[in-house]
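Hints given; two lone chains; assemble the complex.
Chain by chain, the residues run as shown.
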Amino acid sequence: MSTIKLTVNGKAVSADVEDRTLLVHLLRDHLNLTGTHIGCDTSQCGACVVHVDGRAIKSCTVLVGQANGANVTTIEGIAKGDELHPMQAAFRDNHGLQCGYCTPGMIMSAIDIVHRHGGKLDEATVRHELEGNICRCTGYHNIVKSVLDAAGRMKVSQAAE
Amino acid sequence: MGVEGIGASVVRKEDRRFITGKGRYVDDIKLPGMTYAHFIRSPHAHAKVKSIDSSAAMKEPGVVGVLTGQQIVDDKVGNLICGWAITSKDGTPMKMGAWPAMAPETVRFVGQAVAVVIAESKNLAKDAAEAVVVNYEELPAVPDIRAAIKPGAPQLHPEAPGNIIYDWVIGDEAAVKDAFGRAANVVTLELTNNRLVPNAMEPRSAVAEYDAAEEHFTLYTTSQNPHVARLVLSAFYNIAPEHKLRVIAPDVGGGFGSKIYIYPEEMVALWASRKLRRPVKWTGDRSEAFLTDAHGRDHVTKAEMAFDKDNKILGLRVKTHANLGAYMSLFSSAVPTYLYATLLSGQYNIPAIHAEVITVYTNTVPVDAYRGAGRPEASYLLERMMETAARQLKADPAELRRKNFITQFPHQTPVIMAYDAGNFGASLDAALKAIDYAGFASRKAKAKSEGKLRGLGFSCYIEACGVAPSKAVGSLGAGVGLWESAEIRVNPVGTIEVLTGSHSHGQGHETTFAQLVAERFGVPISQVQIVHGDTDKVQFGMGTYGSRSLAVGGSAIFKALEKVEAKGKKIAAHLLEASEGDIVIENGEFKVTGTDKSLALPMVALAAYTAHNLPEGMEPGLKETAFYDPANFTFPAGAYICELDIDPGTGKTTFVNFVAADDFGRLINPMIVEGQVHGGLAQGIGQALLENAVYDGSGQLVTASFMDYAMPRADDLPSFQLSHTTTLCPSNPLGVKGCGEAGAIGASAAVINAITDAIGNNKLEMPATPDRVWHAIHGNA
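Taken in sequence, the protein lines are chains A and B. Residue 27 in my numbering sits at position 27 of the first sequence, with consecutive numbering throughout. Residue 335 in my numbering sits at position 174 of the second sequence, with consecutive numbering throughout.
Keep in mind that the hints were calculated from the coordinates and are not lab data. Note that beta-carbon positions come from the ideal geometry of N, C-alpha and C, so glycine has one too.
Away from chain A, derived, C-beta distances all over 10 angstroms, residues of chain B:
{"#": "1", "residue": "Lys-338"}
{"#": "2", "residue": "Asp-339"}
{"#": "3", "residue": "Asn-399"}
{"#": "4", "residue": "Pro-512"}
{"#": "5", "residue": "Thr-549"}
{"#": "6", "residue": "Asn-584"}
{"#": "7", "residue": "Gln-688"}
{"#": "8", "residue": "Ala-772"}
{"#": "9", "residue": "Leu-925"}
{"#": "10", "residue": "Ile-938"}
Straight-line C-alpha distance at most 27 angstroms; calculated BS3-like pairs for lysine-lysine:
{"#": "11", "chain 1": "B", "residue 1": "Lys-191", "chain 2": "A", "residue 2": "Lys-11"}
{"#": "12", "chain 1": "A", "residue 1": "Lys-145", "chain 2": "B", "residue 2": "Lys-183"}
{"#": "13", "chain 1": "B", "residue 1": "Lys-758", "chain 2": "B", "residue 2": "Lys-784"}
{"#": "14", "chain 1": "B", "residue 1": "Lys-724", "chain 2": "B", "residue 2": "Lys-784"}
{"#": "15", "chain 1": "A", "residue 1": "Lys-5", "chain 2": "B", "residue 2": "Lys-183"}
Chain B on its own, in the form it takes in the complex (with noise of 0.2 angstroms):
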């Protein structure tokens, strides 16, 4: 490797404008007669819209206008909708109920949208909507999973009765219950995964354009996919024929999976820009945020896992209903499906797997893909099941994993996925020395001499990522290919720009994606520029979700730079009369091997571009682009382990340490790695610790400000312990597995599971708070 190539922790191109505060996120574009926009939203959970009466509020200084939901529906703008189709057990498809950008006749959940007030700035927007008279019919509302299913339950849309959109499943159902009829013993767990709020730090904002000579709209939103969201808009939505709309994602404050979607504020924007013949802002609050950003997670499960005498797992079976709000956003369908089930053989050779997986509408904001999507609550499911059975069986919980682990790769699980490779050993072994397991009893009884209950929980999570074959995900489903695309141009000077249909929000691409082009042509990262984000300049893009980016993304750029390479050194070869063969590229130079020759990279593209001594037949210039359509999904996986402190006075828990040892592939920038590592952690503690997205009986969110939802604090996380094992991944060029999730993936079973080891009850959902577990240690009394 160079000293800024493959696997060099070189701090980030992209970081100083961040330090110096000349970001540039969507909130920051001021444009010439720009509007700014305030939706009025349902304070009911379920309500029949019966009027809405904006004659006042028009009459309010600075407004331009009052839009309404009928008037959406009016103008022919298309429902919103859910990509991946999934059909039930019985054969029929997703029951997808309309959802309109703002509601013209009933709101299903407590923010939706139903008219939005339009004025010169943004206090005059809020003072004019307060003008706005919503006239409601309050109707009966279901909040959670528990209360949609029943008998009787208030129904959200006909065309879903009783609020099921679908009862899937996967597996050979006859397999597992031959398997727990040979079971020598038999381990049964019911959780609830907690409905969690994504909130990156960003809220999310969108400012529309229109220009009405050229009858071409332009966005900026804050997007981790903008070509998915031109085309949506233009495909589904009727807002604008793709070349009459340009998308660009600038820089994002985050995403976690929230920022994949099209949201109705997009939607509206865009509509109203040209309705009004004025650009339009409009900018989320925090509290928007919470009560409109699709929402994480929400699973009800029963589970139940089968072993022989030997402490070797039989079966798996599964029942899990999932929570999918009010309506079905982009890509709800597929989390709880081919997410979820698809990874429940997680690290263990598990021969029969039956998983049901029961989707239904709740009163409650969409629910879809946040970090990890569907894989956290596989992980979260098995990684307790595994240390419940543990306990159960008296084992050891390392070696009761240890020996169910799957060791021969490439393995088929039962579910759909075939792992690759893996060592699922090293990161236990690696997390095992690194926490002294063997000297936690000595420390487990210190602690308790101090009076303190100490516990240490394993995690050890797989996940599919570099999302996705298209072909395979076609046939279960997706509405889109999962692809990416690249093309470097090297320019007459030799600088280099490469675009790319990933998009970064804080994964550090402009570096990571730089180091893959100096270590292939020697030249300094400083001399490549990385551009992304916008739909005008990057020819197509699936964008960054699913760890995907570098697995799938960097892979494109990969076969990209293969190619101009290969006519580099064509060039080069021509020019310095030798064999093509011959050449060798070092340190940014064309070279003939074992001879003085050489041409450097700017030299080579100068020729390419004057074209005035070409081989024959070739084509001018040095651009190449590559689409790049992954084989297989990728699979890290590692092995966490968390050793903590419970009060037992008080509940309260205090991180001893926490450690983890992932199995990522190759690394290209191990600083950036880690980084993801930390954040990752950080999200899967704060759903183990603190966070939880509360809607009380009647539909309202009573966790919609950071005053009331616990955000992970510095002062609640330890500083973690990292380290890494490799096995390459043999699906991608790179050899890379990706690293965005997993700590989301996993962490969270580490710490029930030490939590549960130190209180002695197995009995506790997450978030653990100090109240929960100091009911779990001295009962409901």
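This is chain A alone, in the form it adopts within the complex (with noise of 0.2 angstroms):
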């Protein structure tokens, strides 16, 4: 057993857990944040993606261990109170979810993407980037559309701030 610190969605938090527990079944089991979720068990699907120091990672390969200190966000963490992420919002307009299993990852990959090609993604790299998330519902179509309207949002939000 270990006591693992580390910030979640802004918040400190401690827990005692075995060495082995990883991180997605801390956060989903140990803080109940259950919004992120588990697709797959060969890191495949992507529906377990937070960011850890800002950077998307599947938090289904990562021991807690290796969290420790870190700063994590997951899809609770995003919106501003009632105020969605745009990317939230862009999946809701764009009708990009159906079954909402994958989307929580999704999301947190998407915002990774455009954080790391600004207001340079075009449909291509939209579909290469995503790769590494699975969803069945969608045929990806409008997960494309909804994370190239975010990028334009997240441009228009960041010059605001």
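Here it is as structure tokens:
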């Protein structure tokens, strides 16, 4: 057992967990942040993507010890109160989700994609970058639309800040 | 239409919880005192279970219990059943082998559970499972259809000699023989329809709780049809009588058919929760999903089509072997029969059809309905046949289809279905225009100059949806009726709850169904709550599959709304001192037509509940229920055209364009409809290019993870170009046909037809991987 201290969605948290605990289980089982999902056991599907120190990672592939002291953001932590993150709003407005299960991971990956590519995103880049996130419902058509739409919105909101 | 009524692409009401991480899926549920189940699964495809020693495991930390297949038999928990009786051509019933929830004696597929460890945490259960010793005696296995039907093949079930479940026929054999006798040309085709794994992104999960004081169970489960689950668990599996069992299917992360069935894990969780007096949770991991979720497709087919000298179809003869796996899953028997062979007329006027379907047991996980269920297999066969025929007869593939289209409705096919409406030519025209068919030759020439092989492929599909008229399916062997129910509660303050037996696991019912209410009463959809997925709340329901939710579930809502409207008008007329016939509803108000007198819906609702001043003899309240049993199936249809390039050096396929022109009847929310089509197309294209469930010769599933089974990813797919043509469905009050499965039904043939067109070789099976395409181009040297 180890005591793990980290910051999750801006709040300092501490948990006593088995060393073999994965970050995704810490989030879901110990912190009750069940928005982060588990869709596979081979780090392929991306339903578990969160941000660790600002980078998108698959939380099913990280032992809690590796996240000790880190700053973690989950799907629950990206809206500002009632105001959705532009990526969340773009997924809703473009029907970028159906069953919603892959959606948190998709959104967290997509935010990272926009951050890394800035305004230079095109459809081919988005499709290539989304390779680590599997969706079975949407055929990706509207997810790609959502990400491109959000890229524009995020540029605008950055400019406004 | 209002801004939120029928035809409006309003954004989904349910999305906010999903995009903020507040969805509530089964695995998110935690109950006080909850324990965790981990199943011990057979590593062998076929074996005798000689012994199970759990004594060491019981001493492991945190273990609450280890339960075995023998115990579940001793406790008289029923075997799993198949609910659709099929009769063989010799008049004998289908041969159903016994399927206990955990195997006491014999395992018949890799992954079949023999025991379960229940512990204080998931990890402790997994740890202890390592200490359970199961002694197997391996038996020879049959991993596929061809192995199963060989003389002398190992036998799976004593009930089914030769591993044959049934040998079923449909159609007029003599008429077909006569047609082929008169044929100017005969086109033959042999096809494999590859086996698929549904892979909803949310793995199956169950949480079972037993309340000893009330002798009552609650099951939270990943189900597309919680009432059906309760019925089956109660009536056939002896878990608990229906009034002592509540089944809740909360947010469910996709289904595609795989969550229709009642699986062993739910049964075991319920049974164990009573035995151990603790809540039990089981959540499958992805490997378990591959090994235990019902798979789809898996047909081997020989077919021939007869044409006259004018290229009109005279007849069709089909012989299909379908793999149903090691046991008969809940609806498995109906899939390759009444959901497949009844669609073999396609969009075409075929005077004579005869089909024989032989289903077989193999040492693989059970096969059942997966998105489209039988109809993709029929469509793939017919549309490859039409394309093959066009090439053989040197006809234009579009015009050969058009020449044979059914143009008069209603149309009775030779295989049960009576198509009620359609305009197949209109869909084909829309697709031809969208793809710029006239410009294809020059595009192909240009691609050739760039070293690419350009191909174009058609698929004109039809499906039978809106499943299904109860009397009709009853006469064909179904164990249940396939109606739907709805309840409308107008609350005293005027908000409206719609309780539906349909279940949404991504389809957007909370929005679409609310739009039906908005259309009728002019209220904003924010005032409407859709309640589903809970047997304690919803009176009954047959659930969601077969593109039935709007056509059947929505029609039940329509009927209930009619009753609410009728009563509301009576109340309004009474209060406004007007004639009932003069009351109209506009923008949420009951108005006396031609006057300025009106009452808002909340005032009418309040009057209904205060009951201070109601028409003489009227019961208080404003709540109505309806059951709707469809008059016919619905028949969505459309034309898909795929244009693609093949790199002859690598065999890799690159999409140039994919157009889909669908006729779904009236669209309630076009945005949601298009999303359904996108997803279906992705699954159809996935089958055509990527997906394949492969068992090796010993019955090991070698594609049991996302690293081995090629799920379509974003960069495997194009953006799609969709359009709609509309003929209203005359068989239901909404005029809707259903859109959930179309893409998966139509897409795969379009892709393969395009590839075979590009490479000039028709010998190609799905999935058309670069390796297979390269070999098809260059031969097997």
